[in-house]
Amino acid sequence: MKSLNPLYMIGQAIKSMMRNFTLTGASVLILTACLVLTGSFYLLLTTITHNVESLTELNQIIAFVDEDYESDVIRVMVQEMDNVVGVPEIISRDVALEGMEDLLGPHEHIVGNVYRDALIITYYDNERLETLIHNLYSLAGIATIRNDIEVAEMLEGIRAIVSLIFISFMAILFLVTMFIIVTTIRLAVQSRELEITVMRYVGASKAFITVPFILEGTIIGLLAATISFIVQLLLYGVVRNALEGGIINMLDFSAVGEEILMGFVVIGVLTGVIGSCISLFKYMKA
Amino acid sequence: MIEFKNVKKIYKNGTVALDGINLHIDNGEFVFIVGSSGAGKSTLMKLLLREEKLTSGNLIVGNYDLSKMGFGRIPRYRRKLGVVFQDFRLFENKTVYENIAFAMRAVGENNRVIRTRVPLILKVVNLEGKQNNYPNELSGGEQQRVALGRALANNPDYIIADEPTGNIDPELSRELMDMLVRIQKLNKTVIVVTHEQSLVDLFQQRVVTIRHGKIVSDRRGDMFNEKP
Ligand SMILES: Nc1ncnc2c1ncn2[C@@H]1O[C@H](COP(=O)(O)OP(=O)(O)OP(=O)(O)O)[C@@H](O)[C@H]1O
Ligand SMILES: [Mg+2]
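Residue numbers (numbering that gives the first Met the number 0), protein chains in the order written: chain A, 0 to 285; chain B, 0 to 227.
No lab work stands behind these hints: they were computed from the structure.
Being a predicted model, the structure only gives us computed values, none of them experimental.
Quick reminder that beta carbons are idealized off the backbone N, C-alpha and C, glycines included.
Straight-line Cα separation of at most 27 angstroms, DSS-like style, residue types lysine-lysine; simulated pairs:
1. B:K45 / A:K205
2. B:K45 / A:K281
3. B:K11 / A:K281
4. A:K14 / B:K93
5. A:K281 / B:K7
From the derived model, a few chain B residues whose C-beta atoms are all more than 10 angstroms from chain A:
6. N12
7. D18
8. G27
9. V123
10. R181
11. R210
Chain B with its partners taken away, still in its complex shape (with noise of 0.2 angstroms):
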């Protein structure tokens, strides 16, 4: 469950980035998060990440009070996210299955977790068979799976993805997205922003439209369904 209430997030320079967003999010949901440049929409996923502290409000992830966790207590707070990046973010030197087995490594986990988990993950993400390829070697659809893989090697409540499909074609957007649905029926949590229209419409799934700071419109999937 995430919670925002009434957050407000000034940067620094003095930009109001969120201004008073009050935002429901149920376990196990789909949601989209759409809005014009500059709108906000990246700011409430660092807030989530909490990559910046919000400035006032309350926003509450699961378990954890974001408005009052101090900074020993992020690392446990993060292994609950599954980041995936626009960039993908993927190490060149290392193979697909090292690169997953990175996330895992990088909170302690033993290697007979890995050798067992590495390999669902890759079915999940449908690249069984392409464990030992390097980055270089796949194409931009499939390195973006490789991200995907990497944000689900600890399992996480939550699915975070910042315009994860910024850098591929239509056509890999959709299927990114279809694997994101798939992995929601896992019973996770999947935040999306995106600025893709089609995707949004095709999917039709919970779609959150800021503009300012503010959430201006929450529409719930199931209302596609009511539309002539």
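In isolation and in its complexed conformation, chain A is listed as follows (with noise of 0.2 angstroms):
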């Protein structure tokens, strides 16, 4: 049996894409719109993600203690509660007045010491979280509390709204770019309607007659996905420096790199394979 040429298959999917350009290059950039906007997607829910869990996992909350109460009364009280681990933390306002001041600069417009003591308590069951808060607030030294989980909780409520958003809008990128590509590859097709009928009667088979198609959905997705992931890396760079030392926490690209360019890869070839299925579904029955 006579193998297919893979150089020679390749040559041809390349000579029609070229003979193509403009409707090639318009799939190659709509596919690297759709695959950045994902990229960009999966970032933010990855970012979400991690923030949540760093703050889940801490186990911590923070109670402030009223100006006219000891902090160190309040802390055997507190220590003695259900659910506290160990003892917990001072720290004084002035520590909270200075920790501040490095972050946002002097206060000089404040006339006095703002902040109030607080506390940091460690518990061991977030179950039982929402007891410890009420017994906190029903104790009278207790001014108020901050509470990570709050924070948690509607980051997770983000995270689920984004997720939907999401989905549906990808599924309907991912329509649009599938018409793109079938298209291309449907013109393609047409410009070689002659070599195929040709390629038909003398008995060429049907991978030969397919492939070189195929190869040029491929090369389409391959393509998108290595710009994509190109440009998700410096977008990514320009929002991590601008969001540098905030409350954000994000993660370094290299932790998600290899995700993101496999994700990138497979959609990106999967679109374009499909794509040029779809528009050669006449000559893969026959």
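The two chains are supplied separately, each in an independent frame; assemble them into the complex guided by the hints.
Rendered as structure tokens:
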């Protein structure tokens, strides 16, 4: 059996792409746009998840002590509460002021120290956190509580909404991309209609006829995946720099880079191949 | 060997194009298929090319039973056939050489075989010296011979031509027929659909006449000689 010559196949695919340069380029760009959007959503979700995790993993809440009470006394009372681990750490209002001035600059326009002493309370059971918070509030000396769990829950909520938007948005985008790729390959097929007819009559195998077009789809997918990865890398760097030092803790790109690249290649190539197969349906059958 | 046994072809829209065809063609025979427009000649060719599937009956071509053959075996089967189209179907952007080589590349033939075989084919179809010309630099007859050369490229056992002379003038038609007869002598079976009675008369080969999807006459070539 004479085998398919891979170089010939790739040559045919590239020739065909050159012939349809504009549409091929459009396919690559639109697929790239889709991939970058997908990647950005994915990174957003990963960042949210990462932050939710680090917030809940800490198992710490911060209670602020009323100015009229002694922190030491309150600490002893808190320490005896159910679900509390060890001795809560006191961060004095002076330390808090220093810390905030370090972060935000001198508070010259504010007279005196507006901060309160804080107790960092470590607990062990997330399930019984609500009871603990309730108990803390019923303690006279506790002014207010900063609970990261609430932040975490809010982030969870955001994540759910983002995921929903993400999925519906992506579905539409990929339908559009698929349509463009199908059009591109269909045009490529049409411009080679005569060749295909002759090939069929002289007994070219189905693979010989269809593989160049499927390769064309694959190359479009690979090109889009490569460009997308580079764009994503740069984009992430820009966003990370902008958010540097903020409350959002962003992952290093290297931690997600591999997943992103794999994802891009798989989605890109699949979109390309499925697109080509749809255009070639008629030739796949007979 | 080609054997039609009670072959019927009814198109999807209900047109009965062939209605019980029984026809035996031996290896190395030359057969004209004639008949008025709409008689079913092209349909007969399409069944042979496995472009259409027969509705009932049996059709055997060499080792292939077309009534039972699945899609997967079509390419291999078609390599046994050489098709000449009425409208040539040449590639305008390819030279004569490349047009013929294309058919060989399409079945995965390697370059060494192509380089030795194309010149031989050019000799058979009388186009030596024209190998670097493009189709629009050739006469109608020459173009038709390129098409014939391409049909011969993969050394088929059967040559099938549906109105191959439709687009060229009578003198060139005769030339092409001469060439087909010469090719038949290379032990190939040649089937030619035509409505040019003058050609049929001139070449004195077997003539099968179809009318309304049925064979109404089958005259052997040697019967011409018996005529006074
Ligand atoms: N694809 C098709 N679908 C439906 N009917 C068809 C199809 N192809 C041909 N026919 C019908 O089948 C009959 C035979 O057609 P065919 O093309 O075989 O005739 P023919 O002998 O080649 O005619 P001509 O000399 O004009 O080429 C005609 O009535 C034609 O209309
Ligand atoms: Mg016809």
